[in-house]
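For the protein sequence lines, the chains are A and B, in the order given. FYI, the numbering for the first sequence is 1 to 144, going by my numbering. FYI, the numbering for the second sequence is 1001 to 1084, going by my numbering.
Hints were generated in silico from the structure; no laboratory data involved. Heads up, a few of these hints could be off.
Below, computed lysine to aspartate or glutamate pairings styled on DMTMM-like, alpha-carbon distance capped at 20 Å [what the hints assert, rightly or not]:
1. A:Lys128 with B:Glu1061
2. A:Lys120 with B:Asp1026
3. A:Lys128 with A:Glu21
4. A:Lys128 with A:Asp76
5. B:Lys1014 with B:Asp1064
6. A:Lys128 with A:Asp139
7. B:Lys1014 with A:Glu61
8. B:Lys1014 with B:Asp1029
9. B:Lys1014 with B:Asp1071
10. B:Lys1014 with A:Asp41
11. B:Lys1014 with B:Asp1026
12. A:Lys120 with A:Glu4
Between beta-carbon pairs, the in silico distance windows are [as the list claims (entries may be wrong)]:
13. B:Thr1010 with A:Thr65: 26 to 32 Å
14. A:Gly45 with B:Leu1023: 27 to 33 Å
15. B:Gln1043 with A:Ala11: 45 to 51 Å
16. A:Glu117 with B:Ala1039: 27 to 33 Å
17. B:Phe1034 with A:Asn92: 50 to 56 Å
18. B:Phe1007 with A:Arg40: 32 to 38 Å
19. B:Phe1034 with A:Ala103: 24 to 30 Å
For glycine and all other residues, C-beta sits at the position ideal for the given N, C-alpha and C.
What follows is the residue order along each chain.
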Amino acid sequence: MRVEIRPQPFAPWQEVGDYQERHLARGAFGASAVFVGSMRDFNRGEPVRNMALEHYAGMTERQLTQLTEEAVQRHDLLDALLLHRIGNLRPNDPIVLVATWSAHRAEAFTACREIMEALKTRATFWKKETLTDGERWVDGNTPG
Amino acid sequence: MQPAYPFTMTVHVKCFASLRQQLGVDAIDIEHRFDMTVADVWQALSRQPPPGNLLCARNFEYVDFNQSVADGDEIAFFPPVTGG
């Protein structure tokens, strides 16, 4: 299992491939589920130029590790990978990567979704958007 | 011999995101009497009532406003989270 907060852009598909190659035994898993969340160039009807992602150093890492460990144990996963950006993002930049591996598809699908939903509701991140005419804090998540 | 009164303790307070900007406070140490709750920490921080959607953490765990705090604790206040 790996959980990381990244201050620099990352390439999610490369990360998944590299992690699987290094950490998953060939033939051991029958399912891998991947979710990638990326930055849009619009939100609530307005164009968004940039976004700053802030976190609570110390707390956020603990939360991400805890919620990923919970999902791994609850669904008997073989492994899980979670990466989340902080810092200044531009449209199309990946924000979050969740990858799960299991023997059968149900566990990988369910755990991947659960990790994302737990992260959205619990993990201490905050987004501030730069619009064409100023800045605004995002005040809540859109429903999944 | 009577000890000096009042006893005081120090808590480390952090604010995040829009709340940090509104209060103009990033991190601050607050001294207070020993029987202190998270709500007391907020009152020491701001004269305004806490926003209805305010969240708080004690030593990196979410807590309610009536949670007691101890000397040396880190108390954080922040708006709803928006990661992912």
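Broken hints, by number: 1, 2, 3, 4, 10, 18, 19
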